[in-house]
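J.: Here's the letter readout for the chains.
Protein chains: 2
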Amino acid sequence: MKVVIVGGGAGGISTASNLRKLDEEVEIVVLTRDNQVSYSPCAIPYVLSDRIHSFDDIVMRTVDDYKAKNIDVMLETEVTGVDSAKKQITYSKNGVVQTMNYDKLVLATGGSPFVPPMKGVDLDGVFKIRTLDDGKQVKEWAENCKSALVTGAGLIGIEIAYAFKKMGLKVTLCEMLPQIVPRSLDPDMAKILTDYLIEEGIDVVLGQPITELKGEDGKVKKAVFEDGTEADADMVILATGVRAELNLAKMAGCDCGRWAILVNDRMATTVPDVYAVGDCVESYSAILRSNTVSQLGTTAVRQAKTLAQTLAGKRSRFNPVLNSMVSKVGKLEFGAVGLTRSFAQQNSIKAVVGKVEALTRARYYPNAKPMNVKVICDADGTIIGCQIIAEERVAERIDTMTLAITQELTCFELSNMEFAYAPPVSMVTDPLVIAVEEVSKKFN
Amino acid sequence: MKVVIVGGGAGGISTASNLRKLDEEVEIVVLTRDNQVSYSPCAIPYVLSDRIHSFDDIVMRTVDDYKAKNIDVMLETEVTGVDSAKKQITYSKNGVVQTMNYDKLVLATGGSPFVPPMKGVDLDGVFKIRTLDDGKQVKEWAENCKSALVTGAGLIGIEIAYAFKKMGLKVTLCEMLPQIVPRSLDPDMAKILTDYLIEEGIDVVLGQPITELKGEDGKVKKAVFEDGTEADADMVILATGVRAELNLAKMAGCDCGRWAILVNDRMATTVPDVYAVGDCVESYSAILRSNTVSQLGTTAVRQAKTLAQTLAGKRSRFNPVLNSMVSKVGKLEFGAVGLTRSFAQQNSIKAVVGKVEALTRARYYPNAKPMNVKVICDADGTIIGCQIIAEERVAERIDTMTLAITQELTCFELSNMEFAYAPPVSMVTDPLVIAVEEVSKKFN
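Residue numbers (the UniProt record's numbering), protein chains in the order written: chain B, 1 to 444; chain A, 1 to 444.
If you're looking for bench data, these hints aren't it; they were derived computationally from the structure. Among the hints, erroneous ones may be present.
Each computed DSSO-like pair below joins lysine-lysine, with the alpha-carbon atoms no more than 27 Å apart [stated by the list, open to error]:
{"#": "1", "chain 1": "A", "residue 1": "K441", "chain 2": "B", "residue 2": "K21"}
{"#": "2", "chain 1": "B", "residue 1": "K166", "chain 2": "A", "residue 2": "K69"}
{"#": "3", "chain 1": "A", "residue 1": "K21", "chain 2": "B", "residue 2": "K331"}
{"#": "4", "chain 1": "A", "residue 1": "K441", "chain 2": "B", "residue 2": "K314"}
{"#": "5", "chain 1": "B", "residue 1": "K219", "chain 2": "B", "residue 2": "K166"}
{"#": "6", "chain 1": "A", "residue 1": "K331", "chain 2": "B", "residue 2": "K355"}
{"#": "7", "chain 1": "A", "residue 1": "K69", "chain 2": "B", "residue 2": "K314"}
{"#": "8", "chain 1": "B", "residue 1": "K67", "chain 2": "A", "residue 2": "K441"}
{"#": "9", "chain 1": "A", "residue 1": "K441", "chain 2": "B", "residue 2": "K69"}
{"#": "10", "chain 1": "B", "residue 1": "K441", "chain 2": "A", "residue 2": "K67"}
{"#": "11", "chain 1": "B", "residue 1": "K441", "chain 2": "A", "residue 2": "K314"}
{"#": "12", "chain 1": "B", "residue 1": "K369", "chain 2": "A", "residue 2": "K166"}
{"#": "13", "chain 1": "B", "residue 1": "K442", "chain 2": "A", "residue 2": "K441"}
{"#": "14", "chain 1": "B", "residue 1": "K442", "chain 2": "A", "residue 2": "K136"}
{"#": "15", "chain 1": "B", "residue 1": "K2", "chain 2": "A", "residue 2": "K441"}
{"#": "16", "chain 1": "A", "residue 1": "K69", "chain 2": "B", "residue 2": "K441"}
{"#": "17", "chain 1": "A", "residue 1": "K219", "chain 2": "A", "residue 2": "K136"}
{"#": "18", "chain 1": "B", "residue 1": "K441", "chain 2": "A", "residue 2": "K369"}
{"#": "19", "chain 1": "B", "residue 1": "K369", "chain 2": "A", "residue 2": "K331"}
Quick look at which bits of chain B chain A covers, simulated, 3 or more residues with Cβ under 8 Å [as the list claims (entries may be wrong)]:
{"#": "20", "region": "117-129"}
{"#": "21", "region": "233-242"}
{"#": "22", "region": "314-321"}
{"#": "23", "region": "389-397"}
Glycine included, each C-beta is placed from N, C-alpha and C at the ideal position.
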């Protein structure tokens, strides 16, 4: 059997590796446009901020490493066509167009950065950050800049804005919506983070689309906002999200939903022998009970695990998602899972909220840090979302809440749960418990 | 209504505070032998090691603070009798014996340190550590010592041994059993911790009971082990656990089990209007489905919450326990929940184990630390225990596993769960997932 995988990102390459562990015989080919494979795009901002010292550090494996596992990775290869009746793809490498037959095809085509409509977007110094090469180019360009503007205040946008600040640039972070991290945080929690970014010297411009980028000698120099104000911008990063790449899926005849390719819980598309994983597919939301996009590396990796099982003839299901996330910017760690209050309201779910400022350690223990926790429950008290910001120990608490939401626990149930305690590492009553107790009180 | 609470530790004082929040009218009296109330005994080792600078720091509230809440705390008061027919207690304060009537009586009498049978245990310089005064006396004595021996290598024993080392003493930590932390860790995991303690310069003596303490001029000088070897000991700490204090419970006519007072899930004893919480009661084990003792501060605090609800006429249940714990010694954080493999085997439960060494952050991220995880499942793959040791981020992972065990998840289910990821704070596949995948493989 020959499995052909289009795309060398987390979804594609993990499918290849997992499948090889399950089946030593199957022929596996991975085709990617990129000139590298198996690196961590999530780590690019941390290389820019010099927290990680080199782009080389974030490359995990080479083409030779895959060859040793009998996985054929073809770099700088563009797949241009799919014929799902013939079970054949067309690809171009070094200008030569060829075809390849498959028994099973995996579309792991990811997403392309969304470019918002604005004048001057083609000027030199305007970048997206998706690949390692993008990262390298940005780093090089930034070294000759005094100012930078990042548009889009999602995770990547914030991380990159902070990195530029660490590089010594004058930095503007702007977001069309009236708050940062709109997908994962409510406005009140986002504000804690915004205040921190401002404290770190970043100009944060909210609720203002950019209408134009102005240049000199073909190089970007300034950004103009809707209200006419301007910001210095010797470089501009478009961190305005990605859209699923659907061209090949459409050629293959795969059904697509509102945002991306439709797959079942075994990662099969609607076309026989064509599968898909990663940023190019839709996921099923565990809370909304409808489709959503989950463009997270962890989602791609978990989908790849399921797909490898499917291709190896084993039974495995990809579960509905909660889109749990975490990030760290400077000293602040922030994370979220499930629905925000805003999103619940948009979906006509009555939200009951508990919000507390607790501590990361016993009150009397040195270096106890404030921990802000917000828990969102539905009208029955079932937990449907959580947001946490603190200088430490956020990620694992998000995981606990992910499990609580998956198990459909109520705030009442969680408030009686056991939490491990020692003065150097936690409070005798955990911040999560204090938060769900706050929610519980509202049901009295 | 008058509620009389005997004991001012976590169980007693939390019952008082929680009850006051629920009922402004009820009369609340707390009687304690101690000369302080509302301090954190778990923090005493960290004051000894100077991580916390003063014993004053770990006192949370004074008698006046409680008076302000209309809670009457009587210090240095010994309750000597209970007549549950008359609903009356007898107590002695400043040599004067008096009686007090109650409508509801709460026994939060805690435990007394177990003193193992050995010669010389009455020598000066032999201490137990239970109260703040014990802590102060130990600190004062230690300042004139060159060597110290701690017997009992549970959490408190280890924390105190480490504290003495930080004070510059020659330290011996000894344990009758062949491993440290026998209640929570399997021998292989305990060894990681033992190696670290040895690396820190602590002499660890395992599998050797002390037969005799030798003194000079009435002061302890040496400990003699069963095999005849000796260790220097200018002071000795008995950290050999506590036994529930049952005298008053027996006077009241409460039924006791093998170890402690029997209570139902609303914290009522078998005698009408007599309740009990904390180290003096038995809990129900969620896994073994039989009684156990859970002498943890967090258990006392959670029981107090339930009892306050009961006393206020509200419905609340105290859930079966898993005895989740965490501690930090020097740079190492270690935690556990549920059954160890050893304990499972003693209870004829067939255990299937996954053990991995992963990392606390992405491999390429600076300061990623090794994280040792051991997961124990039963023959169906249901998770029944977990042990973790690392330099960071242990406690919250124990909490996630506590929830997984409470929900009776299998290793297969947990391996498909979402975990939040960002390179500075976690691995793309969480160490817990890697561990449960290891277990899952054994079922193929």
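J.: Measure nothing beyond the straight line between the CA atoms of K21(A) and K331(B); if it is 27 Å or shorter, mark the hint as holding.
T.: violated, 36 Å
J.: When you check the alpha-carbon spacing of K219(A) and K136(A), does it fall within 27 Å?
T.: holds, 18 Å
J.: Taken at face value, is the distance from the CA of K166(B) to the CA of K219(B) at most 27 Å?
T.: Between K219(B) and K166(B) the Cα gap is close to 23 Å, so the pair holds against 27 Å.
J.: Hint check: K69(A) vs K441(B), CA-CA at most 27 Å. Holds or violated?
T.: holds, 20 Å
J.: Going straight from one Cα to the other, do K441(B) and K314(A) come out at no more than 27 Å?
T.: holds, 13 Å
J.: Can you confirm whether chain A covers the region 233-242 of chain B, using C-beta to C-beta distances below 8 Å and requiring at least three such residues?
T.: violated (count 0)
J.: Regarding the pair K441(A) and K21(B), is the alpha-carbon distance no greater than 27 Å?
T.: Judged against 27 Å, a Cα distance of about 12 Å means the pair holds.
J.: In terms of beta carbon proximity below 8 Å, does the region 117-129 of chain B have 3 or more residues touching chain A?
T.: violated (count 0)
J.: Take the C-alpha atoms of K441(B) and K369(A), compute the straight-line distance between them, and say whether it is at most 27 Å.
T.: violated, 40 Å
J.: Straight-line Cα separation of K331(A) and K355(B) no greater than 27 Å?
T.: violated, 32 Å
J.: Under the criterion that the straight-line Cα-Cα distance not exceed 27 Å, is the pair K69(A), K314(B) satisfied?
T.: Cα-Cα ~63 Å, so violated.
J.: Regarding the pair K441(A) and K69(B), is the alpha-carbon distance no greater than 27 Å?
T.: holds, 20 Å
Hint violations for this structure: numbers 2, 3, 6, 7, 13, 14, 18, 20, 21, all remaining hints satisfied.
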